[in-house]
Structure formats: structure tokens, C-alpha cells
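The listed protein sequences derive, respectively, from chains Y, F, G and S. The opening position of the first sequence corresponds to residue -1 in the numbering used here, with each subsequent residue numbered one higher. The opening position of the second sequence corresponds to residue -1 in the numbering used here, with each subsequent residue numbered one higher. The opening position of the third sequence corresponds to residue -1 in the numbering used here, with each subsequent residue numbered one higher. The opening position of the fourth sequence corresponds to residue -1 in the numbering used here, with each subsequent residue numbered one higher.
Incorrect hints may appear among the rest.
Identical copies carry no separate label here, and so any pair may be met within one copy or between two of them.
No farther apart than 27 Å at their CA atoms in a straight line, the calculated lysine-lysine pairs in the BS3-like style are these [claimed, not checked]: (1) Lys22 <-> Lys142; (2) Lys95 <-> Lys212; (3) Lys196 <-> Lys239; (4) Lys319 <-> Lys247; (5) Lys134 <-> Lys51; (6) Lys25 <-> Lys51.
Keep in mind the hints are simulated off the structure, nothing from the lab.
Number of protein chains: 4
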Amino acid sequence: METILNIGVIGLGRIGQIHLSALKALKNINITAVSDTSPELARKTAEKNRIPKFYTDYHNVLHQQDIDAVWICSPTSYHMAQVREALENNKYVFCEKPLDKDRTKIQSLINSYPDLSRRLMIGFNRRFDPDFAAAKASIKKIGKPTIIKITSRDPFPPSTEYSRLSGGIYNDMSIHDLDMACFISESDAEQVIAIGSKNYTKDTDTTLITIKFKNGIICNIDNSRKASYGYDQRLEILGDKGMISVENKRVNHLCYYSENSMESSVFEPFFLERYKESYIEEAKAFITSIKEKKEFPSTAEDALKASVLANACEQSLEKQKLIFL
Amino acid sequence: METILNIGVIGLGRIGQIHLSALKALKNINITAVSDTSPELARKTAEKNRIPKFYTDYHNVLHQQDIDAVWICSPTSYHMAQVREALENNKYVFCEKPLDKDRTKIQSLINSYPDLSRRLMIGFNRRFDPDFAAAKASIKKIGKPTIIKITSRDPFPPSTEYSRLSGGIYNDMSIHDLDMACFISESDAEQVIAIGSKNYTKDTDTTLITIKFKNGIICNIDNSRKASYGYDQRLEILGDKGMISVENKRVNHLCYYSENSMESSVFEPFFLERYKESYIEEAKAFITSIKEKKEFPSTAEDALKASVLANACEQSLEKQKLIFL
Amino acid sequence: METILNIGVIGLGRIGQIHLSALKALKNINITAVSDTSPELARKTAEKNRIPKFYTDYHNVLHQQDIDAVWICSPTSYHMAQVREALENNKYVFCEKPLDKDRTKIQSLINSYPDLSRRLMIGFNRRFDPDFAAAKASIKKIGKPTIIKITSRDPFPPSTEYSRLSGGIYNDMSIHDLDMACFISESDAEQVIAIGSKNYTKDTDTTLITIKFKNGIICNIDNSRKASYGYDQRLEILGDKGMISVENKRVNHLCYYSENSMESSVFEPFFLERYKESYIEEAKAFITSIKEKKEFPSTAEDALKASVLANACEQSLEKQKLIFL
Amino acid sequence: METILNIGVIGLGRIGQIHLSALKALKNINITAVSDTSPELARKTAEKNRIPKFYTDYHNVLHQQDIDAVWICSPTSYHMAQVREALENNKYVFCEKPLDKDRTKIQSLINSYPDLSRRLMIGFNRRFDPDFAAAKASIKKIGKPTIIKITSRDPFPPSTEYSRLSGGIYNDMSIHDLDMACFISESDAEQVIAIGSKNYTKDTDTTLITIKFKNGIICNIDNSRKASYGYDQRLEILGDKGMISVENKRVNHLCYYSENSMESSVFEPFFLERYKESYIEEAKAFITSIKEKKEFPSTAEDALKASVLANACEQSLEKQKLIFL
């Protein structure tokens, strides 16, 4: 007999809706309550998804006794308080990244809960992308990894305002790739350098990050706020016995042969389409870890590591020097 | 304001479940009743999908007043009677292919209802596959089409029993490709020849079909009941100004570079995965045609054409001659 | 110590020059004499290639005592007489295809020389293309072959005059593919059907040929006198344990990613570029067979088979029926 | 009427033979003399290539009056003296890279001859590779370039002895990529950082180089002394309007579809095969520049730039810091 997990979702904006869609693809869960500061959004979402309860005050979700786990999809500034309150109420917690902009608060949370890795999972969804996960799973085929290369380019630059609020390219964009680098290397960074340029906005929008890990792996990340040909997400791992690469997904599988060229389709337009499956796999991993009483596959420790690296990139760029961690 | 369409589904076996899944991805419809001869299957399906009514007797679905449209997913031998009864009860009808094994009955149905193309749609799902649909939509890029090539190979041969009941390779497998040939050529066949061999079963399981259409297009279809590397579904259209091809979808986007080769993943394993989106697009097209009061995009006429062609292939193989239509 | 083979070349037109270029890439041969009806062409070719003797009368080449082997690259109508004379003079003979348009003369030649397969090689250069040869060499990987598919399309249609003189699409174009089908299937054809259309010239310029071989393999060849995207040369072999395909070579290895598509380069423009290496490998195979006293890898028997098939295609098209061989 | 250029070649080891082969593909040149310290190698090479004169003393080549241009393919330590002597004897000079290990000597040579760029060409052959040249030629398609990525990996690590004599990975391997970065960026480097690891030898054999150019372009080079899957040579240029990439050449164009994967062939094994055409194009460019009285397309200035960058990489690695140029 399968246990059914009761779930609450806090925050029903874009990322909240993505997680709701992902949750609906899962078996053996019930979404029993949602909350959003907009009463209209809370009501509509509940109705459309046949969710019994909806609130404007998230405390109601956190205090509902029959809820086993909560999804925190609210704005970043609410994350830490909601995570702590959820943990106090004995809920399993899934929190969207970033956990907090202040690394000392993350460290403090880690210190407060010795079993945190079994109670809190952080949303580094790309780890659960079937392609990246398969690359990691087959890494032993290539022997000892020596070079990791990650390409991550957005299709179009953000608005100036978003760009300013986002915390800059390293905390907003590169953080995913920095986590991926840690995920693949299974090591800690010891040297980091970032070089960048401003092509589309007033902030650094194009950057090359180079990392040396303690286990000897060296890694390059290239990020651009704009790639006119579409959302470009690639990974390449060189080892002493071979190479594994993850290529982009094409929107369709047509080829058009004209007099001058063979044209194939561009890539998935943006993260919603490209990483659609990753959100479902992420949710599954959360549920499975709870049921099997295992550590979550992406923890507050991982969030801290990525945050430390993003900060090192910022410092490296500003001070124009190699940063030692 | 959007109209909501009430829908009933008859037959809840494998293909019925596929259509139910597709329907659930649609907006502005309600599935209000289902039926299956197995009371257990009817009940479970209704519960799982929160469908208000379920029956063992399909007449209940056809006579339910508030139902606008029915999906006929029962075994082939029931199709014709259920279609006729549904039409008599003023339902829009979606019927899985084949409509009937007896071409005279299809012709008779067409004769009975002058407006049949606005009332009955036949399930040639591949027409709605995003890749094939995009190929058709961009055909003018290649000028006047001259050669169509269709490859369609199943991953593994059917059981001897299935093979016998299936009506043979032409009515069971090739019929999809024969319809695709008509769909792309937008013409009627005038010459057909089929050549085949028996490699895996007691029936012809490997075949090459060549068709000459009235508009001058020539077409080759190759079918095999077995392709050890997976479900192989390709289309190629040569025109006087270029070529369009539809390639297979890979299961993942990894490449593994070993000492001896570059390995990429195999294709989607079978039709459920490969054509998943086509069932959703097909259902959308059905709903849209009803709402916009248009002819359905795949009709009893199309079913008749494909059936005539499949029969011509059988005759050609048996008599070892070119068949003129 | 290596034996040096002395070689004469008869006919210095386009195909003669191709063979000369190929011969220059070989070791342990001397080109000692050439002939052409044009004294100017004979002289210039000899000078440019530092060939000691040149003639306008080919008899001089055939009677030069120290010549071991001759390359016959003259117009088709001269082939048979020159081949016979060369054989009488105890030369090893390489003759460009077709050996003769009259199949009875080929049969008669075969009857005259019981050891002909060790004395005369016919120029089916595609057998020596590294890609096609590798496909044939690895055929056991795919188990028992069941379907062969050959695509062969010229970049642009020939002039009406060439088209008329060429002997039609089957003797001029398809003959290469018919030989390839025999080469890969290692069997004899028992049924042939050809269907065609006229799109660019007054003759059939687009055709689909279907063959059933005695060993059960079925084969489709598609030919077009025009492919606006370039010279299209593909081969695909399906077996019960896998598939092998030969893809086109691209002119370069660039990809250009624009807003709307990923563009890669077109194919090698025509046979000179696409099959350049095949002429060198063919010449090597000729020399090696002589030195190792083996049968040549493409013989008058092969020429006869291809010619019989081309003729069967013509009959099939004319009489609109399946031809039994 | 075409002028014929008389050419002498000094040094007939591996690289000398490569250049001889390339020269033989050219028209309107005569190789009139060669020299090598091995009398046997000099004689054999002359005989095989029908070259009139051969010497053990290179001075004979440099003083032969009718020679217009010399190819210097001797060991690096002889380059500078031979170049100077050749220039004094009014020969056009092609010199293999590196011109000299001592950058001050290169600078001094540049200072001595104000018209040096029309008299001395340095062998950066990759600039003449058809794919890289085409990438550079089509760069305007992608607007303003923002990121350059270069991958260059050897198939197997060198012997320890070669590794020691080679001057290290930056002067031996990376120097080609550093020149490529300058060639594509058309700018001067202002910041360089190199991070590396030792996986196969006692020296750094795996490295990531990051460069910031004065025009804002940022560039990453990744080098490995070993890539078990073959010689890996790639280039990627991102611009604000698109991307251009150069992919590897495959050894053949076969695909093998097995139950578990689609296998295609590995890449050209090493530089001899991969860059074969580049040596011919390089030689053509040398000849053309002389005939058209233009600057050579790769000069001592370029050699100096690449050498300065290689040295900066060494310093960066040693001192673990970002180097400002």
C-alpha cells in the first residue's frame, strides 16, 4: 500500500505555477492547500487544480496539521523565514533557490539543524534534467574527469530593472552553472577567476568563469545574457578515457535543404520549455527521498557552496584577480 | 466566453487510455462519461480521472443528452455500428482507425451522410505530429514535390497471434504511411506495387511499396516489423527547389566519445512515446473544427483512400503485379 | 623489392584526366604512354605529367611491349574493340563503364576469355569509395540484411542533347546504383519494377526502382536528375540486428546559428569531388589484384548484371509491369 | 603568361616532408633544391620528387641565385640564423613556427627589416584551414563578436622527453590556439590567466586559458595533451547576432545503429590528416602574396604576439595570478 503525501504550496507566481504543473504529473500525492498574497490568484489556482483549501496568509499552510511537505515558491526575501517556520512545524521543505542572499544566514540555518539535509531540499532543478542526470550517471565511462565545460546563455537580455534586482549575472544566471560544476566535479573549488564584458546592459552580461577544484578538475563556464539563436544549454566532460557531452534540444526534427545550406530548427526557446521535465524529476526526487528516508539530492550545503562561488566571481571581476577559497 | 464541450469516451483499453490522457491536456472540455465492457476498468478509470459517469453499456454514453462529442476507442468490429448510432444521436464523432475492414461499408456510410466530413473524424494521428505537420506546412519552400519517401519500422515483431488478427502488414502498419503519402501528396494514387519478404513471422513482415500519384509525384514506403535499434519514423520530400526531411527523435541528447566511436542515444522506443504529442494535437484539431464549424482534417474519405491502397498492396503482393487504381 | 608496373592510358578527356590524377597518387607504377585523338591534348597531358610517350593512335599504346596494363578511357563506342585488342596483346585492362551498350557483346567477350575476371576490370568506382566500402565491410554487424535503400541524385539536369546520347536515366545514372545494389546484396535480382516521371527534361528524369533479390533482400533506389541542394549520395542497409547508413559529406564543417535556424553546409557539389578518393582506391585495387594474381573486384560479369538490370528498368517503365529476370 | 617561382626547401624531416607534399599540389612553382644534414635523406627526397639539386649544407640553397623563395623547415634553433641569411640573400622566406624561442630576437628581427611583413611568412597553418578560414570570413554574419571558444586536444600525450624539449604546453600546443584567438579577435590581449593540471606527464598537460582582448572580446582556450577519442579541434564564435562554430571532421560518414546506440566514426586521428589541406592553402597564400606584392597573412609580428601570450600563460600558471599585458 502506497502512502499518500499531503502537500502545500506557498507562492503561486510563475515559479509556483511551474511547480504545481510538475506536481500534477506525480502519483501518490495530494495538493491540499495553496497560498498567495493575491486572493484572486489563490482562489483561481485552487479552483483550476481542484485544491481543497486556499489562503492569502501562508501561515495557514504551515500550520495545517495534515500537511506533510511544503513547496516554498515565494519571493526570495521570504524564503528564510518561511523555511524556518516550516521546519519548526515539522514539515518537509522544498525551497526555490536562492535560499537567501546572505550567506551567513544560510550557514546559521545549517548550524541550527544537524539533520537539515533530510528536511530541506533546494531547487537546483538542472541537476534533475534527464540529460544532465544521464551525463552524471555515465561519468565513470570516461575514467577520471579532467575538464568540465558548461555553456549557458539566455535568449535575450533582461530589462535593466530586472537586471538590477536580480543580484547580477553571477547570482542570477551563473549560480545554476556553478552548482552544476560542483554537482559534476563532486569536489570543492579552490581557485576562481571571472572575466566579463558589457554588451547589452549596464552590468556585466557576458562572462567566462574558470574554476580549479581540489580534486584537480578544471572547469570553464561561459554565460551570456543574450544568444540570438535561442536558449543555449550545454555540458561537456572530458576524462582520461573519453568525453561525454550534452547537446541542445531542437524545437523540431525537420531539416530543410536549400541551394545554399541545410537548415535545422533552433533550440527550445527558454527554460520553461527546456527544463520542463527537470521540474517533474525534481519533485519526484523530493518525494522519493522523504519516503525512503534519505538525504535530499540538493541541500542547503549545496546552496551555500554555489553562493560562495557566485560571490567569489563578483570579487574576482571587481578586483581583477584570481580568488583563492 | 468559451463554450465547454462535453465528451464521452467509449472503450478504455490501451488506445482509449491514450486518448483520455490527451484529452486531459485540453482546455474547455469536460469528460462527462466513459464506458467499457469491463465494469472494473470503467469504474477505476472514472475515479482516477474524476469523471462523473461510467457505464458498461456504451449505449448509455451515446444517449446521454448533454454529451456533444464521443471518442470511439472500442475494438474495430464495433466501430461502424457505434459511429452510426452516435451520428443518429447527433453527436460529433471521433473514431479510431480503421473505421471498418469492409470498404463497401465505409463507402455506404459516406453515401448516407452528405455532411459526414463535418461530423466524423478518423484517427490518423500522425497527421498531427508536430514534425510531420511542420513538414507539410513548409512544403511550398521546396517548389513542386517530385519524390516522397516514408520509413516506418516497428522496434520488434508482433506475436504470431496479433499478426494474424491484425489484418496483415498493409492494413495494420502500412495504412498509416499510405495515409501519410496521400496527406503529403494531396493527390490520388493511380499505380501501386508492393514487394515483400518474411523474416520474422509467417506473414510478410518487410515490404517496399511504390506509388505513382495522379499529379506525378512518386512515393516509396518502407516498412519492417522489426528494427532492432528502435522505432524508426522518417519522412523525406524532394521538390524541384529543395528537400525537407523529418528525422527521428532521440531519447536523450548525450554523446559519448570513446576510443572507437561517437555514440548518441537511440530513438523513442515506440509509438506511445514517439507520437505522444500527436494525440493531443489531434484532439485539439477535433475540438477546433467543431467550434469553428469546419470540415475535420481527417475524414471517412481519407480512411477509404488508405484502405483502398492497403488492399491494392495486398493484391499486388499476391498477384506479383503493378496495380492500377 | 617492389615490381614497378608500366601503364598506358587511352583517352584523355574528362574521365581520362580523373584516372591520371588518381594514378599519380599511387606508388610503384610508371605511366609510360598516353594517347588521344587530339594531338594537342596528348602532347600537353604528357608534358604536364612528365610521361615519356604520347600518341594520337591508340594502337601504339596497345603494342608498346613494356606496357603491362592499360586504362581505357575513350568514348563508349571504342571500348569493346580496344579491350579485345589489349587482351590479345596480353595487357591487363581497366575499362571505364559501360563496357558496351550491347549486352550480347559483353556476353560474347565473357565467353571468349575464361580467365577474364583476372584480366579485365570494369570501372564501378563507387564500390571503392571509402564510405561505401566500409559499409560493405561492416555488414555482418547488422546480421542478415533485409532492406537496401540507395539515394542518388544529380545536382542539376543534363542538357537535352546529353540526355539523349546518354542512353537514358537507367543506363546513364541508375546503372551505378544497380551495381551498388548487387555489390551490397551479393545476390542476383529476380524481380524489378521502375516507376518514373518527367520533371526537367523530355525523358524520365525522376525514378523509383524496386528490386527483389534471390536471397530475399528487397531494395529501393531513388534517382533524380536534379537535387537543388547538391549531389545526394546515400546508402542504408537494414538487417535483423541493426542498420548501417552512409551519409553525405559536407563541403565544410561550419554551423551558423541564426535567429531562425541552424545552418550547416551543403554537400560536395558533384561526383568529381564526392568520389575523388574512390578513383584512387579503384586504381590501387586494380594494381593490387594484378600483383597478388587475384580476380578483379569488379568484372565484366558485374557489368553485364548491371546492364541487364538497367534494361529491365526500361522495359518495366515502358510496359508498366513488374519484370521477372 | 604565368611567372614560375623557384623554390628551395631547407630541412627534410617530418614537417619538411609535409611542406614538400603541399608544394607538389601547387601550380607555377619549381622546387629546384633541397637540403638536409642527412645526405641520404637529401638524396632520396630529391630523387623521389625529381628535384634537380640536393645538399647537406643549407648555405648552398640560400646562395643559389635562381631560387626566389625558401622554406625553412629545420629545427627551431636554426630558424633565426637561416631566416636572416635568406633575407640577406634576397629570398622570400617561409619559416616554420616558432620563429625563435627568444622573443627579444624576434623583436630585433622586426626592427631590422621595416618591410619584413612582405618578405617573411610564419607557418601558422591553422589560419589556412578551409573551415577556420571560412569561419573568419563569415564573422560579420554574427554581428559584434563577444565570446571566442577554442578547443584543441591532442590524441595522446607526448613522451616525457618530447614534453621537456617542446618548451611546455603553452609554447608547444597552446601557441596555435593563441594565434587563432588573435586571428579571430583581430585585437590585442590585455589580460590573460591560465589554470592547469598534470594528468599524464610531469608537466602541465591540461589547461584552460582565459583572455580578455582590448576590443572587449573574451576568449577561452582549452587544451589537453590527451583526448582518447581522437584529435579534437573546435572553434566557436558568439556574436550579438548569432553564432558560428567549426566542428570536427569525421574519418568516415557511416552510422551504425545498434540496439543501444547510434555510432558514428571518430575524428581525423592527428594534425597530419586534420590539417592536410591547410598546408596546401598556406603554401598558396605564400605564393600569391609574393606574386601580388602584398603583405603575408601571417608575419613575424603575429609570431611575436603568440609568443608573448604563451609566456604570459606560463607566468600566470607559475605565479597563480592574472597577467596584464
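So, going through the hints one by one against the coordinates:
no.	hint	result
1	Lys22 <-> Lys142	neither (39 Å within a copy, 44 Å between copies)
2	Lys95 <-> Lys212	within (25 Å within a copy, 36 Å between copies)
3	Lys196 <-> Lys239	between (38 Å within a copy, 15 Å between copies)
4	Lys319 <-> Lys247	neither (36 Å within a copy, 38 Å between copies)
5	Lys134 <-> Lys51	neither (40 Å within a copy, 47 Å between copies)
6	Lys25 <-> Lys51	both (20 Å within a copy, 23 Å between copies)
In summary, the structure is inconsistent with hints 1, 4 and 5 from the numbered list given earlier, while agreeing with the others.
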